[in-house]
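Those sequence lines, one after another, are chains A and B. FYI, in numbering that gives the first Met the number 0 the residues of the first sequence are 0 to 439. FYI, in numbering that gives the first Met the number 0 the residues of the second sequence are 0 to 474.
Simulated from the structure, these hints should not be mistaken for lab results. Please note that the accuracy of each hint is not assured.
Stated by the list, open to error - Derived lysine-lysine pairs resembling DSSO-like cross-links, with alpha carbons at most 30 Å apart:
hint: 1; chain 1: B; residue 1: K401; chain 2: A; residue 2: K252
hint: 2; chain 1: A; residue 1: K259; chain 2: B; residue 2: K401
hint: 3; chain 1: A; residue 1: K2; chain 2: B; residue 2: K2
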Amino acid sequence: MEKLFNQLSETLLNNLNTGEHLKITIGGENSQFVRFSRSKVRQSGLVDDASLSIVLIKDERTCSGSFTLTGNISTDEATAMEELNRLRTEVGTLPKDPFVVMPEDTGSSREEHNGSLLNEEEAVSALSPAMQGVDLAGIWASGRIFTGNANSAGQKHWFATDTFSLDYSLITPDERMVKGTFAGSHWDQSEYENNMAKSIAKLRMMEKPGKKIKPGAYRTYIAPAGVADIVGMFSWGGVGEASIQQGDSSLCKMRQNGIKMSPCFTLSEDFTSGIVPRFNSNGELAPEKLDLILAGSLKNTLVSTRTAKEYGVQSNFAGEGESLRSPVLSPGDLNEDEVVQKIDTGIYLSNLHYLNWSDRPGGRITGMTRYACFWVENGEVVAPIENMRFDDSIYNFFGDNLEAVTDKAHLHPAVETYDGREMGGVSCPGILLKSFELTL
Amino acid sequence: MSKLNLHDALSAIDVQADWVGLREVKESTTYRIIRDGNPQANSRGVDHGVMVEVLADGQFGYYGCNNLDHDSIQNAAEKALRQAKASAKNPLFEFTTEARPVTKGSFQSPFQQSVNELSAGRLNEIMLKAYNQLKVNDQIVSAHAMAMIIETESNFVSSNGSDIQQNFLMIQSDYSAMAHKDDIYQRRTDNHCLQIGMEEFDEDLVLARAQRVGEQALELLDAEDCPTETTNLVLASDQMMLQIHESVGHALEVDRILGDERNYAGWSFVREADFGKLQYGSKIMNITFDPTVANQFACYGYDDGGLKAERDFIIKDGLLVKGLGGKESQLRSGVPGVANFRASSWNRAPIDRMANLNLEPGESTFDEIIAAVDHGVYMETNRSWSIDDYRNKFQFGCEYGKLIENGKLTKTIKNPNYRAISNPFWNSLKMLGNQDTFEVYGTPYCGKGEPNQAIRVGHASPVCLFENVEVFGGV
Numbered sequence: 000m001e002k003l004f005n006q007l008s009e010t011l012l013n014n015l016n017t018g019e020h021l022k023i024t025i026g027g028e029n030s031q032f033v034r035f036s037r038s039k040v041r042q043s044g045l046v047d048d049a050s051l052s053i054v055l056i057k058d059e060r061t062c063s064g065s066f067t068l069t070g071n072i073s074t075d076e077a078t079a080m081e082e083l084n085r086l087r088t089e090v091g092t093l094p095k096d097p098f099v100v101m102p103e104d105t106g107s108s109r110e111e112h113n114g115s116l117l118n119e120e121e122a123v124s125a126l127s128p129a130m131q132g133v134d135l136a137g138i139w140a141s142g143r144i145f146t147g148n149a150n151s152a153g154q155k156h157w158f159a160t161d162t163f164s165l166d167y168s169l170i171t172p173d174e175r176m177v178k179g180t181f182a183g184s185h186w187d188q189s190e191y192e193n194n195m196a197k198s199i200a201k202l203r204m205m206e207k208p209g210k211k212i213k214p215g216a217y218r219t220y221i222a223p224a225g226v227a228d229i230v231g232m233f234s235w236g237g238v239g240e241a242s243i244q245q246g247d248s249s250l251c252k253m254r255q256n257g258i259k260m261s262p263c264f265t266l267s268e269d270f271t272s273g274i275v276p277r278f279n280s281n282g283e284l285a286p287e288k289l290d291l292i293l294a295g296s297l298k299n300t301l302v303s304t305r306t307a308k309e310y311g312v313q314s315n316f317a318g319e320g321e322s323l324r325s326p327v328l329s330p331g332d333l334n335e336d337e338v339v340q341k342i343d344t345g346i347y348l349s350n351l352h353y354l355n356w357s358d359r360p361g362g363r364i365t366g367m368t369r370y371a372c373f374w375v376e377n378g379e380v381v382a383p384i385e386n387m388r389f390d391d392s393i394y395n396f397f398g399d400n401l402e403a404v405t406d407k408a409h410l411h412p413a414v415e416t417y418d419g420r421e422m423g424g425v426s427c428p429g430i431l432l433k434s435f436e437l438t439l
Numbered sequence: 000m001s002k003l004n005l006h007d008a009l010s011a012i013d014v015q016a017d018w019v020g021l022r023e024v025k026e027s028t029t030y031r032i033i034r035d036g037n038p039q040a041n042s043r044g045v046d047h048g049v050m051v052e053v054l055a056d057g058q059f060g061y062y063g064c065n066n067l068d069h070d071s072i073q074n075a076a077e078k079a080l081r082q083a084k085a086s087a088k089n090p091l092f093e094f095t096t097e098a099r100p101v102t103k104g105s106f107q108s109p110f111q112q113s114v115n116e117l118s119a120g121r122l123n124e125i126m127l128k129a130y131n132q133l134k135v136n137d138q139i140v141s142a143h144a145m146a147m148i149i150e151t152e153s154n155f156v157s158s159n160g161s162d163i164q165q166n167f168l169m170i171q172s173d174y175s176a177m178a179h180k181d182d183i184y185q186r187r188t189d190n191h192c193l194q195i196g197m198e199e200f201d202e203d204l205v206l207a208r209a210q211r212v213g214e215q216a217l218e219l220l221d222a223e224d225c226p227t228e229t230t231n232l233v234l235a236s237d238q239m240m241l242q243i244h245e246s247v248g249h250a251l252e253v254d255r256i257l258g259d260e261r262n263y264a265g266w267s268f269v270r271e272a273d274f275g276k277l278q279y280g281s282k283i284m285n286i287t288f289d290p291t292v293a294n295q296f297a298c299y300g301y302d303d304g305g306l307k308a309e310r311d312f313i314i315k316d317g318l319l320v321k322g323l324g325g326k327e328s329q330l331r332s333g334v335p336g337v338a339n340f341r342a343s344s345w346n347r348a349p350i351d352r353m354a355n356l357n358l359e360p361g362e363s364t365f366d367e368i369i370a371a372v373d374h375g376v377y378m379e380t381n382r383s384w385s386i387d388d389y390r391n392k393f394q395f396g397c398e399y400g401k402l403i404e405n406g407k408l409t410k411t412i413k414n415p416n417y418r419a420i421s422n423p424f425w426n427s428l429k430m431l432g433n434q435d436t437f438e439v440y441g442t443p444y445c446g447k448g449e450p451n452q453a454i455r456v457g458h459a460s461p462v463c464l465f466e467n468v469e470v471f472g473g474v
């Protein structure tokens, strides 16, 4: 695909007229998906998908088009030129865009992470035995993901990676569940079998009689997987500069009123792990590490170059949507192995579900507890709890109610696949809260 | 659609399978957005490919293929066959060709004005005028007007003789204004998702909608917060859309009830044995699966398994009678279902989805419903949604509310929210609005499935009155 991308870029750029500027992006995947239900195969298949997107800029006007690539150079060249000509016809009819981002050459890059993946015809045979004897629902996704960028200023980037993930739930006969994910780039059968065995052992803990708790405020530990879901909310009306400027961010209070979170809370955008590309759709390279909330204070937001032009601030080369691409929540000093003792009496939440802002300006999030969640009494796990709804503000649980952060960060790989398989994930520790509001 | 002759491509496939199907989809999505007086997007994306499905040894294997030449499709069929055979080593269910009925037919979205009758430049002009209408004064700190135009061609042929052509024209129009004063931010929106033509962007209609949005955003700045109490709740049709979607639609997807979705969106409080027995809601609750409502967003003639789509009752007089299950789920569960086996595009295999799922209107006028309430809250337009993995405990928030006092709408209220549990909530449905209150909405972003699929759904509803609901305001 890299060769095709280079050829198409060359063709398009060689055919530009005077005064025309172009930005070109490719993205795609070669993937296998196997869906499991009741530890058996529900659906299985393969997907080859790739698309090329071109942005034409002329006389301060801009428009864009994208199309599916076939992999056949002559077919794709013809479609690319047809699309360029369509954009040429359209661009002159549009209003001027005062914030258009012109292509620049700030350096090129190339990264390719070759993995060692299961053969697509062997996946079912390799995965199935370890999940027998339990009820498993989940999705196997494996293959290559790639993205690239080129522009008429001469810049070029390419990033490709081979990855796999088995994202799964184990379910007891009385419908209690444990969540697991096994992901990586080099398949190791014994590591997979160990991962599954550990999850099955956790499931046994769910077989204890359950406890129903009432709505109210509880001393609470949220494990890293649950914290990762909350961190994800910062991408949606959170740390994006445009959302703050437009009054649509939960962090407006921090910017405008100087409200602070707990000194234990430090969130950064950190690309040092190298699992996602640093370049955005403009081909701009984000800084390797950018502190967003440092020890509870808002230090930076994610600023795209377009937002920078519109609001007169400095770009830090965020993506167009100014969402987190490689978030890292810093660990603290609570020994992860002592969490249950430190809860003393309260609840342990392994996962959360279906989060949404219930009052975005107020920073209030609602959602559900899910999977392995327990009542803890006198420093010991007593019983699984029924799932509860929570409704509480980040200014509470990342503020005064944040008692401690665990000393180990865990990477929670992105497993969503709406517009293709996602890269990267969220790195975060667990959090111990003095109080957390359960409502239903 | 393309130079590919799907019949020739099917004939050219040489694999030892019990059944082969080809579903070619070409979809063009165009965005025209004006935000804060300037163009934010003028983009068009064209997505085109073919889904090759093969049935062998009781299993369907698939290959979503972006190269449409015969050699590539043959290669895809061979690999799909090997996927099917690999699945047969650990299968969930043994399928036969009964899962893919033989159907021939076509469907075309209704529209008055074609896409070509409204130029890119003119649509930008209309969106800019809408923005100017949204920005009533400087307290509107951000606003946008958006047009999304989706043109889809979907062709399906199969080795057992199905031959279906469907052409869709779908429009989303969205107007939004954010108002700000002191520490208060309030957003108001107006969103339509319809199968309709460019008549959706009639300038007078657009400007009237934008004007109302801007004015109501400002109105909310001076409104009191929604009270915290358990009271009567009247929901407008544009909130009922979300209410039906989350607490009826997803709960009744049969593949979900069978457990396929447990690792992602979750399970359901409804079980296979509940069909024909569960009193889902009060006696006035009638839910239909209806792909025939004019201009509704998810109208179609046939699902992606080839089953003909027809209007049917899912809940009748409050009793659950049918599931949202396509042919595969019907075979697996024995639960009666509908033609809702749908894929988001050529690169995904079909699963059970909502389509148009509607609450049928009753007899009461809007004024009669309000007059029947001594004390309560009226809410419009969803802004926050969350529900548990069994589709029980939900919490929804709205943009705009009014107090109801002594049978009249009185003060405007901001940050109206409510929470409840699905089955008792629907059984507390007290009054239904009549046809005059029945409005048609939809969304392009119903998420489900592994791998994930975002699909378009439509929901229509009258205004509804529910009793004894917990309502509350903002922080």
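Practice problem: Determine which of the earlier numbered hints do not hold for this structure and return their numbers in increasing order. | Solution: Checked against the structure, the only hint that fails is number 2, while the rest are satisfied.
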